[in-house]
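Chemist: Working from the sequences, and respecting the hints, build out all of it.
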Amino acid sequence: MKPLHLQLETSNFRKRLKRLHYPLEVILLTVRWYVAYSLSLRNLEEMMAERGIEVDHSTVHRWVIRFVPLLENAFGKRKRPVGRSWRMDETYVKVGAQWKYLYRAVDRHGQTVDFLLCAHRDRAAAQRFFRQAIGRNGEPHTVTIDKSGGNLAALKSLNAGRETPITIRQVKYLNNVVEQDHRAIKRLIRPMMGFRNFRCARIILSGIELNEMNASHP
Numbered sequence: 001m002k003p004l005h006l007q008l009e010t011s012n013f014r015k016r017l018k019r020l021h022y023p024l025e026v027i028l029l030t031v032r033w034y035v036a037y038s039l040s041l042r043n044l045e046e047m048m049a050e051r052g053i054e055v056d057h058s059t060v061h062r063w064v065i066r067f068v069p070l071l072e073n074a075f076g077k078r079k080r081p082v083g084r085s086w087r088m089d090e091t092y093v094k095v096g097a098q099w100k101y102l103y104r105a106v107d108r109h110g111q112t113v114d115f116l117l118c119a120h121r122d123r124a125a126a127q128r129f130f131r132q133a134i135g136r137n138g139e140p141h142t143v144t145i146d147k148s149g150g151n152l153a154a155l156k157s158l159n160a161g162r163e164t165p166i167t168i169r170q171v172k173y174l175n176n177v178v179e180q181d182h183r184a185i186k187r188l189i190r191p192m193m194g195f196r197n198f199r200c201a202r203i204i205l206s207g208i209e210l211n212e213m214n215a216s217h218p
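Using full-length UniProt numbering, the first residue of the sequence shown is number 1, and each one after it goes up by one.
Don't take each hint at face value.
Said to hold, decoys possible - Label-pair distances were calculated between CB atoms; the ranges are:
1. I53 to S157: 49 to 55 Å
2. P191 to R131: 28 to 34 Å
3. Q98 to E54: 32 to 38 Å
I should point out that these hints are in silico values taken from the structure, not numbers from a laboratory.
Model, not experiment: these values are computed from the prediction.
Think of the CB as a built atom: it goes at the ideal place given N, C-alpha and C, for glycine as much as any other residue.
Modeler: Written out as structure tokens, the structure is:
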């Protein structure tokens with residue numbers, strides 16, 4: 001699969017991009033660096049200046065917010081199937097002055113299944129995540145979770161009426177793979193010093209997750 005920053009160039013989205021003041025290749029490369037490495041916007045401003053490209057860090061931020069949704073749409077059409085044994089958990093992400101919740105699942109091999117940023121950590125949020133993940137990836141055979149009552153209640157609700165219910169496991173050590181994956185995501189967002197608002201957080205986290213998924217594909 002092509003690198004994430006090249007996928008947009010061969011898609012139908014290119015014809016929709018008008019009045020760009022920088023080469024598209026430069027914009028996509030800068031966006032990819034932001035979501036792929038532990039870099040701040042000012043780091044990228046300096047790196048571009050060293051290459052003879054004068055661009056303000058606020059412009060880089062606008063590029064990320066504008067182009068990540070296009071990349072997300074392009075990648076969604078090419079996402080490879082994931083395994084049917086999922087490890088699901090949620091982690092904390094600071095948005096403004098408040099903590100929000102990033103729901104995530106990986107398969108047994110550590111490949112990202114899906115992700116969803118939510119304002120609350122409860123049964124409704126977990127149900128929303130599972131419905132989205134199943135809609136995009138098909139039903140899992142098994143889901144491993146921690147001792148969260150909300151996650152358990154969400155899975156039991158989804159199982160209601162199913163002829164073949166999803167097997168639910170609450171085994172903490174089996175969830176180490178998704179907890180380690182949380183750390184990788186947090187390492188990338190640390191230089192960002194939190195997110196301005198919920199919309200920016202959702203878009204930037206999507207870019208990070210999509211890059212991680214793309215990197216795991218041969």
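Chemist: Is the distance from the Cβ of I53 to the Cβ of S157 consistent with 49 to 55 Å?
Modeler: Between I53 and S157, where Cβ atoms are some 51 Å apart, the hint holds.
Chemist: Given a hint of 28 to 34 Å, does the C-beta separation of P191 and R131 actually sit inside it?
Modeler: holds, 33 Å
Chemist: Indicate whether the distance between the beta carbons of Q98 and E54 respects the range 32 to 38 Å.
Modeler: holds, 35 Å
Every hint, counting from the list given before, is met by this structure.
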